[in-house]
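Engineer: Sequence:
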Amino acid sequence: MRKIMMFAIKEHERKVALAWAKNNQVDVTFSEDILNMETVDQLKGFDGVTTQQTGKLDNRVYGRLKELGIKQIAQRTAGFDMYDLEKASENNIIISNVPSYSPNSIAEFAVTSALQLVRKTHLLEEKVREKDFRWQVPIMAKEIKSLEVAIIGTGRIGQIAARVFKAFGSKVVGYDLYQNEQAKQHLEYKDTVEEAVANADIVSIHMPATDDNHHLFNAELFNHFKDGSVFVNTARGSIVDTKALLQALDSGKISGAALDTYENESPYFPKDFRDKEISDPILKELIMRPEVILTPHIAFYTDIAVNNLVEGGLDATLSVLETGTCETRVN
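Each residue of the sequence shown is one higher than the one before, counting from 1 in my numbering.
These are calculated hints, taken from the structure and not from any lab test.
Where hints are given, some of them may not hold.
Claimed, not checked - Quick list of in silico lysine-lysine cross-link-like pairs, DSSO-like style, CA-CA up to 27 angstroms:
(1) K22 to K56
(2) K226 to K120
(3) K243 to K276
(4) K171 to K145
(5) K253 to K56
(6) K56 to K243
(7) K44 to K120
(8) K15 to K271
(9) K3 to K15
(10) K145 to K184
(11) K226 to K142
(12) K284 to K253
(13) K56 to K276
(14) K184 to K171
(15) K120 to K166
(16) K253 to K127
(17) K10 to K44
(18) K145 to K131
(19) K22 to K71
(20) K142 to K66
(21) K44 to K22
(22) K3 to K87
(23) K253 to K271
Unchecked claim - Per label pair, the in silico range of CB-to-CB distance:
(24) N331 to K243: 44 to 52 angstroms
(25) L85 to E220: 27 to 35 angstroms
(26) G252 to E125: 20 to 28 angstroms
(27) E32 to R134: 45 to 53 angstroms
(28) F46 to P290: 44 to 52 angstroms
(29) K243 to L68: 39 to 47 angstroms
(30) K44 to D212: 33 to 41 angstroms
(31) G228 to E188: 19 to 27 angstroms
(32) Y178 to E327: 18 to 26 angstroms
(33) E188 to L68: 47 to 55 angstroms
(34) E11 to K127: 32 to 40 angstroms
(35) K127 to E322: 52 to 60 angstroms
All C-beta atoms in this analysis are idealised placements derived from N, C-alpha and C, irrespective of residue type, glycine included.
Take these sequences, add in the hints, and give me the full structure.
Structural biologist: What follows is the structure, encoded as structure tokens:
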């Protein structure tokens with residue numbers, strides 16, 4: 001019987017994984033550890049591995065995997081920027097991801113976050129906790145129907161978000177390096193990202209992280225935003241220069257931000273820090289700022305998404321073991 005190790009296992013994944021193991025007659029073992037040089041030797045005697053890596057993987061791990069006879073790493077997320085694909089290929093390690101596990105989950109969360117910022121529900125909750133029930137100008141909202149929305153990245157998730165915003169009656173514009181005809185049913189493409197954000201009341205990011213878009217949203221780009229706009233990032237933290245975003249909030253260029261991901265999140269998300277000190281001053285500031293809604297990279301977190309992520313990672317692992325490759329390999 002083939003043996004697969006699931007690193008970074010979460011409690012909500014176990015039931016799905018056990019059912020998959022029974023259906024596929026595979027021995028699946030769980031480890032709460034992340035894959036690194038200290039834990040990689042847990043793979044002795046195993047055939048394959050699936051994990052949910054968050055931070056960068058130590059390049060030495062690829063060589064050790066090769067020595068252990070492991071031929072792949074199946075990432076249980078769509079993002080795979082935590083891997084050095086060239087180094088993996090040098091060691092004959094196939095990296096795979098789960099490119100589409102529940103685009104609706106993430107798109108719905110992005111729209112929900114935008115609605116919270118525009119309707120100021122997070123501020124209303126704060127006022128109610130303070131027993132301040134007055135109607136006041138700072139908590140006066142706008143109609144979503146009257147607003148323009150910019151969708152940056154018009155793949156599966158971006159298209160769903162665009163469709164939902166359009167259903168509210170909003171004008172929706174978009175930017176993507178690769179335009180597609182299907183997206184044009186829901187949005188009007190702009191030629192540059194600067195043009196897309198210029199008149200937008202809501203800017204929502206839905207693009208993967210690449211070397212080319214690191215800190216794409218920097219001080220220069222934020223200066224192109226419409227005054228008082230709101231900013232939503234349910235994509236990848238590295239796309240945003242967080243210091244520049246804080247400056248844009250300070251200046252009033254951006255009135256509110258909903259961040260489900262943060263560029264230096266890996267030491268913290270998704271971990272329990274209730275009795276621990278957060279040493280990152282930027283993260284502490286994001287948590288404390290009333291105009292920021294910060295969530296721990298959880299936009300995907302629905303029952304359907306968890307099921308698809310677990311099965312997607314295990315399916316890819318088994319495919320490599322049986323055929324030498326898989327449909328979702330990225331290198």
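Engineer: Below or equal to 27 angstroms on CA atoms is what counts here, so check K145 against K184.
Structural biologist: holds (19 angstroms)
Engineer: Quick check: does the Cβ-Cβ distance between K44 and D212 fall within 33 to 41 angstroms?
Structural biologist: 39 angstroms Cβ-Cβ, so the 33 to 41 angstroms window holds.
Engineer: Given the range 27 to 35 angstroms, decide if the beta-carbon distance of L85 to E220 lies inside it.
Structural biologist: holds (29 angstroms)
Engineer: Assess, step by step, whether the Cα of K44 is no farther than 27 angstroms from the Cα of K22, and give holds or violated.
Structural biologist: The hint holds at about 22 angstroms.
Engineer: Would you mind confirming whether the straight-line C-alpha gap from K226 to K142 stays at or under 27 angstroms?
Structural biologist: Distance ~15 angstroms between K226 and K142 Cα, so the pair holds.
Engineer: Please test the hint of 47 to 55 angstroms on the beta carbon pair from E188 and L68.
Structural biologist: holds (52 angstroms)
Engineer: Next pair to validate is K56 with K243; report whether the Cα-Cα distance is within 27 angstroms.
Structural biologist: holds (21 angstroms)
Engineer: Starting from K284, check that the Cα of K253 is at most 27 angstroms away, please.
Structural biologist: holds (21 angstroms)
Engineer: For the pair we were handed, K184 and K171, check the Cα-Cα distance against 27 angstroms.
Structural biologist: holds (12 angstroms)
Engineer: Would the pair K120 and K166 pass a check requiring their Cα atoms to be no farther apart than 27 angstroms?
Structural biologist: holds (20 angstroms)
Engineer: Between K142 and K66, is the straight-line Cα distance small enough, at 27 angstroms or below?
Structural biologist: violated (57 angstroms)
Engineer: Tell me if the straight-line CA distance from K10 to K44 falls inside 27 angstroms.
Structural biologist: holds (22 angstroms)
In the structure shown, a violation is registered for the earlier hints numbered 1, 5, 7, 18, 20, 23, 24, in ascending order.
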